[in-house]
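Chains as they are written, first to last, in this note's numbering: chain A, 8 to 80; chain B, 617 to 802.
Among the hints, a few may not be true.
Which residues of chain A face chain B? A few of them, derived with a C-beta cut under 8 Å, are [said to hold, decoys possible]:
1) Glu34
2) Phe35
3) Ser36
4) Ala38
5) Leu41
6) Ala46
7) Thr49
8) Val51
9) Gln60
10) Ala64
11) Leu77
Only some residues are given here: those of chain A computed to face chain B with a beta carbon under 8 Å [said to hold, decoys possible]:
12) Arg33
13) Asp39
14) Ile55
15) Ala56
16) Arg58
17) Pro68
18) Pro72
Simulated from the structure, these hints should not be mistaken for laboratory data.
Glycine residues also receive a C-beta, built at the ideal position from the N, C-alpha and C atoms.
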Amino acid sequence: MKQHSKLAAAQAQVGEQQATQMPVAREFSHADELLRFDAAQTPVPPAIAARLQQTAAPFAPAPAPWWRRLFGR
Amino acid sequence: MNKPAASQAVASGAPEQWASAELAELYAEHSRAIYYLALRFLGDPQQAEDATHDVFLKAFRRLDQFRGDASVRTWLYRIAINHCQNLNQSWHHRHIHTSTDDAVWENAAAKTDSPLRVLETKELGQRIQQTLDALSEEYRLLLLLVADEELSYEEIAALVGQTADSVRGKLHRARKAFAAHFEKTV
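I would like the entire structure built from these sequences, with the hints used as guidance.
Below you can see the structure in the form of structure tokens.
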């Protein structure tokens with residue numbers, strides 16, 4: 008009886024493993040939907056932001072002069 | 617339902633690291649859409665990185681020229697499309713693609729109204745890229761723009777210099793050609 012329950016547990020485990028290894032089928036009604044899904048899965052490389060921060064720095068607007076900051080105009 | 621990918625903001629670091637708060641905001645809000653367009657339009661991740669950087673730098677330097685008669689997203693797309701088309705026209709990128717190629721695929725589509733089935737999403741990006749590469753630049757661009765839910769047909773039409781009706785007709789054919797090509801990439 009004990010052996011039987013062990014077997015059942017092992018079979019259930021194998022079944023679970025197979026289920027997790029099964030490819031997930033997805034359906035997209037048309038190209039737009041597929042591309043939207045793909046876009047959501049596509050991360051923006053963080054290197055772009057780092058590079059942009061450096062290259063844009065020389066073009067940063069000059070800070071307002073002290074008197075404008077002081078008098079608010 | 618998930619928010620459309622195009623409107624998902626990207627974490628772009630601390631605001632003080634940016635040359636201006638406007639640039640930080642612009643990048644956080646629109647970089648995902650611009651990068652995706654560049655990636656799938658050019659088909660090369662390194663070129664897409666460079667293009668995305670260049671587009672945002674150009675936009676930042678021209679911020680004072682933004683008149684506000686179009687949305688910021690549309691304005692950025694215009695810069696990105698010009699930039700990517702210029703890259704595609706350069707000598708190393710030039711390839712011949714005639715509109716008859718598209719026509720062949722539109723007609724070859726046996727089950728264009730049936731859904732696109734995907735078993736493995738692991739290599740989906742490669743399949744999509746192969747499919748887009750096989751289409752004309754015009755179809756590729758239309759499909760990528762219409763995938764951004766923030767854009768209306770009128771905005772897409774303005775971006776590609778056509779009427780909204782013409783865009784609708786071409787999109788129908790572009791979707792058919794895409795489906796036919798996609799089936800062959802399995």
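Does the structure break any of the earlier hints, and which numbers would those be?
-> 11, 18
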